[in-house]
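Visitor: Residue numbers (the working numbering), protein chains in the order written: chain A, 84 to 560; chain B, 228 to 319; chain C, 281 to 776.
Possibly wrong hints are sitting among the right ones.
What the hints assert, rightly or not - Covered by chain C, per the in silico footprint, the following chain A stretches (three or more residues, Cβ under 8 Å):
| # | region |
| --- | --- |
| 1 | 133 to 142 |
| 2 | 160 to 172 |
What the hints assert, rightly or not - DEER-style ranges, computed between Cβ atoms:
| # | chain 1 | residue 1 | chain 2 | residue 2 | range |
| --- | --- | --- | --- | --- | --- |
| 3 | A | Arg190 | C | Asp658 | 28 to 34 Å |
| 4 | C | Asp328 | A | Leu378 | 45 to 51 Å |
| 5 | C | Glu345 | A | Leu378 | 50 to 56 Å |
| 6 | B | Asp282 | A | Leu195 | 46 to 52 Å |
| 7 | B | Ile319 | A | Lys286 | 35 to 41 Å |
| 8 | A | Gln104 | C | Asp658 | 28 to 34 Å |
| 9 | C | Gly573 | A | Glu183 | 49 to 55 Å |
| 10 | A | Tyr86 | C | Asp618 | 50 to 56 Å |
Unchecked claim - Listed next, the in silico PhoX-like pairs over lysine-lysine satisfying Cα-Cα at most 20 Å (straight line):
| # | chain 1 | residue 1 | chain 2 | residue 2 |
| --- | --- | --- | --- | --- |
| 11 | C | Lys525 | C | Lys745 |
| 12 | A | Lys102 | A | Lys254 |
| 13 | A | Lys215 | B | Lys314 |
| 14 | A | Lys165 | C | Lys662 |
Please keep in mind that the hints were generated in silico from the structure rather than gathered at the bench. The beta carbon of each residue, even a glycine, is placed where N, CA and C say it ideally should be.
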Amino acid sequence: MSYQDYECVIGLEIHAQLKTQSKMFSADSTQFEAADNAHTSIVSVGMPGALPTPNRLGVELAIKTGLALGCTIRERSVFARKNYFYPDLPKGYQISQYDEPLCENGRVIYLLDGAKKEVRIVRAHLEEDAGKSVHIGDASLINFNRSGIPLLEVVSAPDMRSPREAAQYAKSLRQILRYIGVCDGNLEEGSMRCDCNISVRKKGETRLGTKVEIKNINSFRFVEKALEYEFERQVTLLHSGQAIVQETRLWDPDKNRTFSMRIKEDADDYRYFPDPDLLPLVVSSSYIEGLKKQLPELPLERFERFQKQYGLPSYDAEILTEEKEIADYFERAVVVCGNPKAVSNWMMTDLMRLLNDQKLDINQCPISSESLGELVQLIDSGTISGKIGKTLINEMWDTGRRPKQIVEEKGLVQISDEKVIEGIIDAVLKDHSHAVAEYRSGKTKSFGFLVGQIMKACKGQANPQKVNELLKKKLES
Amino acid sequence: MDREIVKKVAHLARLELSESELNAITNKLTLVLQHFEAISQVNTEGVIPLVTPVDIEYRFREDVVEGDISVDEVMQNAPSRQGNLFKVPPVI
Amino acid sequence: MLDTGTTLSDVIRLIKERVVKVSEVTQFYLERATRLNPSINAFITVNDAVLDQAQKMDDQLPNQEQWEKQPLWGVPLGIKDMFCTKGLRTTAASRMLAQFVPPYDATVVSRLKQAGALILGKLNQDEFAMGSSTETSYFGQCRNPWHLEYVPGGSSGGSAAAVAASMCPAALGTDTGGSIRQPAHFCGIVGIKPTYGRVSRFGIVAFASSLDQAGPMTKTVEDAARILEVISGLDIKDQTTSSEKVPSWSNNLNPNVRGLRVGVLQEFMDKSSLNIDVARALEEVEAFLRKEGASLVPISLPLVKHGVSVYYLIASSEASSNLARYDGVRYGHRAQFDHFSGVTLERFYSRNRSEGFGAEVKSRIMLGTYCLSAGYYDAYYKKASQVRRLLRDDFLKAFQQCDVILSPVSTTPAFRLGERLHDPLQMYLNDICTVSVNLAGLCGISVPVTLSSQGLPIGVQFIGKPFDEQSLFNCGFALEKAFAFYRRFKNELPRL
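Isolated chain A, as found in the complex (with noise of 0.2 Å):
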């Protein structure tokens, strides 16, 4: 048996936490941390009597995400009940939509090993998260401080054809999720959730296999791994000679594999229909125009642009436009200094490595991007030695101050005087007189060690440049 003869068809809906302060229909908190049921109202656990307000941030914040992936906004939408009993929904139905979405028919472009890489979005709805339950030996218990937190299902195409490709999907979509600032794309509280249709055929085949669902995958890695599983699974099972058969299944991260949840019949008949409680959602056309206004350039364009406009590699690129916040930090440093290759390379070497040592995220970081920026300017003006700046950077994420101040204060200009570079040449090669004869008996490898000696007497100020150039000439005088 060969995978090779077969491929994989995945589709991916992706639920979204939107970052909203108070919940969907309700005005009690979203917040991650909280006593239990401490985040509850009349309207979340479900009383007799209670009604639904829709907050007006989480439609704003659904329709930027659909103009950002390109979709059609309806601008008459409806909220439909989806009916069905479960301890953590607390009114026995859901509060989504079904046949009248607020955003449709969109796509998500991004990289896959360099090439360019297309989704197809068949739809992104708003919807309400239900409570969590925690299982403790004969009963369960029941948290309802999730319950009515505002999602956003993103149903893509069954377009991916590899769990890299559908990782890689998953990420491209939490990225632009993160940039246009409608959600935290915070895996681990739950902020993001996956569900995951795949199907096999062989290759050649162009009729869909029996599909199957993963749910609720909370991690990217782990959609990769599921995936990678079941397209395994499913392939062995083709291969003898066995039926697919049409489920939902879950993903044991302890032992590496899916496995069927028991499903009923009935599952299925969620019984929509328009909730009465909330009249349909009716936004015009200026509106959306409006918050089309509002989104920032996407972080493709931005990888492209910076190419183009800052000449970096592609490499540089695709890091620094990773994240919104680290590629504005990046176009504000080099607003300063205008050498944009030099501020790329101060970012992905020494501010990124100290960011990771401390955990920092961008916007916590001790060196502004004007700091940042000026440091670099510095250099390029031969005010400092490159090698100064080295020392400068730890000591300006230390105390957070300028880098100018830093160098005045401390007297790091650099010395590129050619008189005084002579003077403490001299001294040197007259202590080194034994390297200074080696030199000049060709052994060349002296020269590097001059230098060094040189810089160690300048304190590492003095122009390197032109220490070598001086240096060069004493020598072969």
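With chain A fixed as given, assemble chains B and C onto it according to the hints.
Guide: Only chains B and C this time, still in chain A's reference frame:
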């Protein structure tokens, strides 16, 4: 409308019906649905279904956190609880 | 000072003029409620704290400015048990909620309290308001004060009976398909179902969200106007409330019907299908209106004959979903389980719900679940919602030719207890004259005019344009002046 459909619907609605209830409801639903069937004669081609019968201006709630009832009030009617969590049979 | 003829407006005046104390008023109604309840069963719960609350008010009579803000100051009201009342058990007349104590007030209840009203108690009704006779209550059937062997109507039967028997000066009801107007008609009182969106539904146990409206049930039209103007108006907690301005209906009452165009709904005036006393009452009303200078315009709305079907399909569908929250997890009835091991979720739900709901509720949930389920949605729920639009549009068209529409409230006066319990279709068809008003979102009022040959009250219905409650109050006021039914409470009902 037959008993099998009624059983299926009872399951969907999470109602446990005794034999006599099952019979009574089957008869009742058969009777009333037969009567209600008459609406199929109304020509509704192209008619948009009506939900809210009166025109009402759309209103949003602004995204501001506000409390209404306390955790104690949320929990006070719980038939079974553990701390401030609701207790039910195992969900898995 | 206080007797069975006392109206809500009388009570307000007597308190204001310091003729009676708040506690005396409360004492009077409390005494009647307690004494009569064993025979009428209008109350499910009497508010133990009400007399204390009343006594505290005795010495703090408001000044003129406060009166305007608190127009119901010191008035003890009866509240149908569909309204959540903070700290006071709210059952919806169901075993499911027999122990439920809401931690909050429905918007209309808090508006009544803010207006100075007291809550005397919670009134009997059909379980979850599903019924037309108050015979499906888990707390026992309620009886008609005019004749104890007859039903008070429903679903707000307890509210109608309590007002008619002067167990409270006025009450709140809810009306999904006639549940205020029909019991008002059966008990000889005034009941108005306001325009959909007029009154907040927040905190009212939901039956059918696109049809439910709350409204007052009182002895006189003025009483009804006074309460409705307190509870009406935009509520940010209910997206389906309208921002339409709330007029001062009680100050604008005008009994002059000269020039008024009264549509007469032909489909409901067919003498052969009307009880002879009901038909006679309608004729008298028509004659009166004509005499007073109103013009009677025959109106035909062929779709109203489908009203009952459309209503039951839509109401049951919505109810099946609205009642899904009653699962015994967070509140409500829970069946006895020795322990949870081996109890599947499905059994847990089914047992809680089957024990908690009565037969009528179960059959409506079944009907609604069926109508929404895969394969039947288009033929039932969707089809009904389409016919609903056509019906609504027909009504709005008819209102180009007339200002209000006159019709019966029901084809008969009150019927005997148990008479229709085993004839579901007959019970449902009973609602034919009222359901269309809810489907079309219009307002409708039931005004008592006379007694039947058996001594049972008969009212008539006026149907109004959206947000034109004033015309209904005016028509009712005109009839009230002419027929003076309210006097019968003083003269014919003190026997209770």
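Visitor: It remains to establish, for every hint, whether it holds in the given structure.
Guide: Hints, verified against the model:
Counting residues of the region 133 to 142 of chain A whose beta carbon lies closer than 8 Å to any beta carbon of chain C gives 5, which reaches the threshold of three, so the coverage claim holds. Only residues whose beta carbon comes within less than 8 Å of a beta carbon in chain C count, and the region 160 to 172 of chain A has 5; three or more means the coverage holds. Separation of Arg190(A) from Asp658(C) is about 32 Å and conforms to the stated range, judged on CB atoms against 28 to 34 Å. For Asp328(C) and Leu378(A), the Cβ-Cβ distance of about 60 Å falls outside the hinted range of 45 to 51 Å, so the restraint is violated.
Taking 50 to 56 Å as the suggested C-beta distance range, the pair Glu345(C) and Leu378(A) conforms, at roughly 53 Å. Distance hint for Asp282(B) and Leu195(A): a CB-CB separation of about 50 Å, consistent with the stated range 46 to 52 Å. Between Ile319(B) and Lys286(A) the beta carbons are some 38 Å apart, a value that agrees with the proposed interval 35 to 41 Å. Taking the beta carbon of each, Gln104(A) and Asp658(C) are about 40 Å apart, not inside 28 to 34 Å as hinted.
At about 50 Å, the beta-carbon gap between Gly573(C) and Glu183(A) stays in the expected band of 49 to 55 Å. Between Tyr86(A) and Asp618(C) the Cβ separation comes to about 52 Å, which falls inside the hinted range of 50 to 56 Å. Proximity of Lys525(C) to Lys745(C) is assessed by CA-CA distance (about 15 Å); at most 20 Å being required, the pair is judged to hold. Of the supplied pair hints, the one linking Lys102(A) and Lys254(A) holds, its CA atoms being roughly 18 Å apart against a limit of 20 Å.
Distance restraint check for Lys215(A) and Lys314(B): the Cα-Cα separation of roughly 12 Å lies within the 20 Å cut-off, and the hinted pair is therefore satisfied. A C-alpha spacing of about 16 Å is found between Lys165(A) and Lys662(C), which places the hinted pair at or below 20 Å, so the restraint holds.
Hints 4 and 8 from the list above are not met by this structure, while the remaining hints are.
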